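There are 2 protein chains.
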Amino acid sequence: MIKKYDSTKLHQLVLEIYQKYGFSKTDSEKIAHTLIYTDMHGIQSHGVQRMIMYDNFIQSGKVRIDSKPEIIKETPVSAVIDAHFGLGQLNGIYSMDVAIKKAKNAGVGIVTTKKSGHYGIAGFYANMAAEQGLIGISSTNSRPAMLPTHATQSFLGTNPIGFAMPANPHNFILDFATTTVPQGKIEVYRKLEKDLPALWVAKNGDQPVNDHNDTTNLDLLRDPKSNVGLTPLGGVSEFTGSHKGFGLGMMVEIFTSILSQGDISHEIEADNLAVGPCQSFIAIDPSMFGDREQIIKRFSAYLEDIRNLPAIPGKTIYVHGDKEALNYEDAKQNGIKIDDATLAEIKAIANRLNVDADKYLN
Amino acid sequence: MIKKYDSTKLHQLVLEIYQKYGFSKTDSEKIAHTLIYTDMHGIQSHGVQRMIMYDNFIQSGKVRIDSKPEIIKETPVSAVIDAHFGLGQLNGIYSMDVAIKKAKNAGVGIVTTKKSGHYGIAGFYANMAAEQGLIGISSTNSRPAMLPTHATQSFLGTNPIGFAMPANPHNFILDFATTTVPQGKIEVYRKLEKDLPALWVAKNGDQPVNDHNDTTNLDLLRDPKSNVGLTPLGGVSEFTGSHKGFGLGMMVEIFTSILSQGDISHEIEADNLAVGPCQSFIAIDPSMFGDREQIIKRFSAYLEDIRNLPAIPGKTIYVHGDKEALNYEDAKQNGIKIDDATLAEIKAIANRLNVDADKYLN
Chain A
24 MIKKYDSTKL HQLVLEIYQK YGFSKTDSEK IAHTLIYTDM HGIQSHGVQR
74 MIMYDNFIQS GKVRIDSKPE IIKETPVSAV IDAHFGLGQL NGIYSMDVAI
124 KKAKNAGVGI VTTKKSGHYG IAGFYANMAA EQGLIGISST NSRPAMLPTH
174 ATQSFLGTNP IGFAMPANPH NFILDFATTT VPQGKIEVYR KLEKDLPALW
224 VAKNGDQPVN DHNDTTNLDL LRDPKSNVGL TPLGGVSEFT GSHKGFGLGM
274 MVEIFTSILS QGDISHEIEA DNLAVGPCQS FIAIDPSMFG DREQIIKRFS
324 AYLEDIRNLP AIPGKTIYVH GDKEALNYED AKQNGIKIDD ATLAEIKAIA
374 NRLNVDADKY LN
Chain B
24 MIKKYDSTKL HQLVLEIYQK YGFSKTDSEK IAHTLIYTDM HGIQSHGVQR
74 MIMYDNFIQS GKVRIDSKPE IIKETPVSAV IDAHFGLGQL NGIYSMDVAI
124 KKAKNAGVGI VTTKKSGHYG IAGFYANMAA EQGLIGISST NSRPAMLPTH
174 ATQSFLGTNP IGFAMPANPH NFILDFATTT VPQGKIEVYR KLEKDLPALW
224 VAKNGDQPVN DHNDTTNLDL LRDPKSNVGL TPLGGVSEFT GSHKGFGLGM
274 MVEIFTSILS QGDISHEIEA DNLAVGPCQS FIAIDPSMFG DREQIIKRFS
324 AYLEDIRNLP AIPGKTIYVH GDKEALNYED AKQNGIKIDD ATLAEIKAIA
374 NRLNVDADKY LN
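Sequences listed follow chains A and B, in order. Our numbering puts the first residue of the first sequence at 24, with every later residue one more than the last. Our numbering puts the first residue of the second sequence at 24, with every later residue one more than the last.
Don't take every hint at face value.
To be verified - Mimicking EDC-like on lysine to aspartate or glutamate, the simulated pairs with C-alpha atoms at most 20 Å apart in a straight line are:
#1 B:K248 / A:E327
#2 B:K346 / A:E261
#3 B:K208 / A:E261
#4 B:K96 / A:E316
#5 A:K248 / B:E327
#6 A:K96 / B:E316
#7 B:K338 / A:D229
#8 A:K338 / B:D229
#9 A:K338 / B:E261
#10 A:K91 / A:D120
#11 B:K248 / B:D237
#12 A:K127 / A:E97
#13 B:K96 / A:D314
#14 A:K346 / B:E261
#15 A:K96 / B:D314
#16 A:K320 / B:E290
#17 A:K127 / B:E97
#18 B:K214 / B:D242
#19 B:K382 / B:D29
#20 A:K248 / B:D328
#21 B:K248 / A:D328
#22 B:K320 / A:E290
Unchecked claim - Facing chain A, according to a computed beta carbon distance under 10 Å, are these residues of chain B, among others:
#23 S101
#24 H173
#25 F178
#26 F195
#27 F199
#28 M274
#29 Q317
#30 P333
What the hints contain is simulated information worked out from the structure, not anything from laboratory work. These figures come from a predicted structure and were not determined experimentally. Even glycine gets a Cβ: it sits at the ideal position worked out from N, Cα and C.
Using the sequences and the hints given, assemble the complete structure.
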């Protein structure tokens with residue numbers, strides 16, 4: 024069952040939990056903010072639902088509570104950061120802040136961060152820049168999941184890209200895995216006992232796996248050397264653009280693992296504490312090119328033109344960020360949706376850390 | 024029929040034709056180089072096959088022979104260029120040279136160019152940077168062709184992205200329309216009298232148009248206010264990632280028309296001499312992040328790992344740029360493929376300009 028919970032109280036609960044882990048109040052505030060922001064924008068797969076995964080990482084030592092990200096090389100427009108396996112969200116906020124500062128001083132900031140952790144949604148970091156009037160771009164690599172076109176074994180991560188541009192009444196935010204869907208989407212369909220509606224998963228390179236009961240094959244998704252993987256955006260055939268999604272995944276590898284000289288997707292192993300994902304953070308100041316307000320005003324009018332195009336009967340044309348903004352307004356009024364399984368996981372973590380979860384969940 | 028012609032002689036022919044139009048020898052060399060480069064890399068749709076289109080543009084005054092691109096705003100890391108409707112290839116080479124110079128001085132160069140023309144393949148400009156040891160990115164907007172997800176009318180251009188990264192034995196070059204296929208692909212299938220093999224064209228937002236004889240609908244592709252358009256990369260359904268291709272097209276609009284404050288795709292009209300496409304050119308120096316040679320060496324080894332993955336029986340795993348490199352070697356040995364229709368068009372242009380085409384075509 025799914026119930027709704029007050030976002031402010033939930034924020035307090037997450038804050039208390041992370042402080043009990045040993046994170047500072049400031050860091051715990053940042054972590055709670057990113058998780059609650061994500062849930063409020065309707066991306067349940069990457070909000071508090073992920074707390075159990077981070078809990079495992081903290082317990083195993085894969086996430087190190089005392090680590091601080093460190094700039095190991097920089098120029099006025101760039102930085103390489105070694106995150107020393109701190110919590111992904113903290114590395115991400117730190118790194119994008121560095122990119123934003125450089126963009127405000129020099130027009131552009133390109134930051135690449137290695138030895139990081141799972142950092143949630145790429146769009147959050149891109150939007151940090153947009154909130155400051157800048158264009159923001161962020162991406163991350165991840166454990167092998169994507170089948171390169173014609174390959175029968177996954178090798179690239181789902182390698183999502185977040186891109187944000189300031190706009191009114193809300194920012195343009197594009198946030199997408201370079202696979203047809205992210206891992207989380209498969210998990211959601213399995214939980215809901217629904218068959219996969221398109222070629223999201225392929226066996227032996229091009230054979231569709233759609234049955235949600237096909238445990239044998241779907242469980243192999245998490246095994247990087249298996250013959251089951253996620254399809255690139257564009258599917259498995261060059262006729263539908265498979266090589267384009269594959270190429271976008273490669274672009275992400277270049278800006279994350281290749282430039283930072285960190286671990287490439289296929290080098291990331293779940294149980295190896297010495298490796299971790301890499302991320303990139305780019306901020307660009309539009310006022311280098313013209314009057315910022317005029318640029319944003321014209322862009323916002325363009326978005327409105329698109330929303331008002333003739334649509335397929337019964338369908339709405341959304342520009343990127345519209346659905347998230349609607350979800351945010353709803354969550355503010357009516358609370359955040361949490362399913363029973365996630366709730367039980369959070370309560371168990373709270374219980375272990377002597378946090379009274381029920382105080383916040385009513 | 025398709026025959027092969029010597030690339031050096033063909034270069035000489037194109038050079039002479041463009042000089043006869045009134046372009047300087049230096050500019051004509053650049054134009055011939057981009058067109059022959061494109062054909063030699065196997066992208067026939069954008070090589071000398073386009074000479075008839077440029078001929079029309081020159082005759083109608085849409086391309087202005089005497090125009091020079093002009094930097095109208097700049098910082099150490101950025102420039103806005105007004106191309107004053109010069110030939111697209113010349114604008115592109117000039118603009119990417121500006122981006123490269125800035126990247127060599129400041130680490131990064133972001134250039135956005137307005138009032139330009141059709142500039143050929145995005146990957147050519149991206150690769151200009153890679154040839155200098157830099158990461159290169161280029162994109163262009165274009166006349167409306169892409170259906171935004173759920174819309175029944177095209178509004179964005181095919182908005183291709185070119186991305187290149189130095190590698191051995193040849194550069195990584197990703198070059199793709201953000202629609203499932205570019206316009207030229209539809210033209211090629213119609214010429215070959217082959218049905219479209221996937222959901223490349225949709226009517227009323229989501230109805231497939233596959234029959235190559237469906238002249239009524241396929242001709243509407245060129246009419247921006249019609250109910251027929253090219254599908255975004257990812258098709259027409261959110262289940263297959265339609266919103267991702269649509270979003271990538273939007274990213275291109277931002278870096279081209281929005282930042283340059285030039286004409287947005289839907290504002291470009293074939294017969295209006297006062298409007299033209301916008302382009303973007305980005306160069307980034309990898310040595311800001313670490314030792315360039317080490318980065319390129321590791322990246323090249325990574326590409327080789329991908330080529331060697333297990334593949335679907337009978338299929339080859341190509342990384343981006345591999346097929347183009349094979350085509351280039353073949354064209355050097357055996358010549359460039361040109362079909363009869365294109366040959367006749369080139370001969371007619373040559374004849375009108377008093378150029379002896381037969382001297383070069385034997």
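The hints, checked one at a time:
no.: 1; hint: B:K248 / A:E327; verdict: holds (17 Å)
no.: 2; hint: B:K346 / A:E261; verdict: holds (13 Å)
no.: 3; hint: B:K208 / A:E261; verdict: holds (13 Å)
no.: 4; hint: B:K96 / A:E316; verdict: holds (17 Å)
no.: 5; hint: A:K248 / B:E327; verdict: holds (17 Å)
no.: 6; hint: A:K96 / B:E316; verdict: holds (17 Å)
no.: 7; hint: B:K338 / A:D229; verdict: holds (11 Å)
no.: 8; hint: A:K338 / B:D229; verdict: holds (11 Å)
no.: 9; hint: A:K338 / B:E261; verdict: holds (12 Å)
no.: 10; hint: A:K91 / A:D120; verdict: holds (14 Å)
no.: 11; hint: B:K248 / B:D237; verdict: holds (18 Å)
no.: 12; hint: A:K127 / A:E97; verdict: holds (16 Å)
no.: 13; hint: B:K96 / A:D314; verdict: holds (11 Å)
no.: 14; hint: A:K346 / B:E261; verdict: holds (13 Å)
no.: 15; hint: A:K96 / B:D314; verdict: holds (11 Å)
no.: 16; hint: A:K320 / B:E290; verdict: holds (17 Å)
no.: 17; hint: A:K127 / B:E97; verdict: holds (16 Å)
no.: 18; hint: B:K214 / B:D242; verdict: holds (13 Å)
no.: 19; hint: B:K382 / B:D29; verdict: holds (12 Å)
no.: 20; hint: A:K248 / B:D328; verdict: holds (14 Å)
no.: 21; hint: B:K248 / A:D328; verdict: holds (14 Å)
no.: 22; hint: B:K320 / A:E290; verdict: holds (17 Å)
no.: 23; hint: S101; verdict: holds (4 Å)
no.: 24; hint: H173; verdict: holds (4 Å)
no.: 25; hint: F178; verdict: holds (6 Å)
no.: 26; hint: F195; verdict: holds (7 Å)
no.: 27; hint: F199; verdict: holds (5 Å)
no.: 28; hint: M274; verdict: holds (6 Å)
no.: 29; hint: Q317; verdict: holds (7 Å)
no.: 30; hint: P333; verdict: holds (5 Å)
Comparing the model with each earlier hint shows no violations; every hint is respected.
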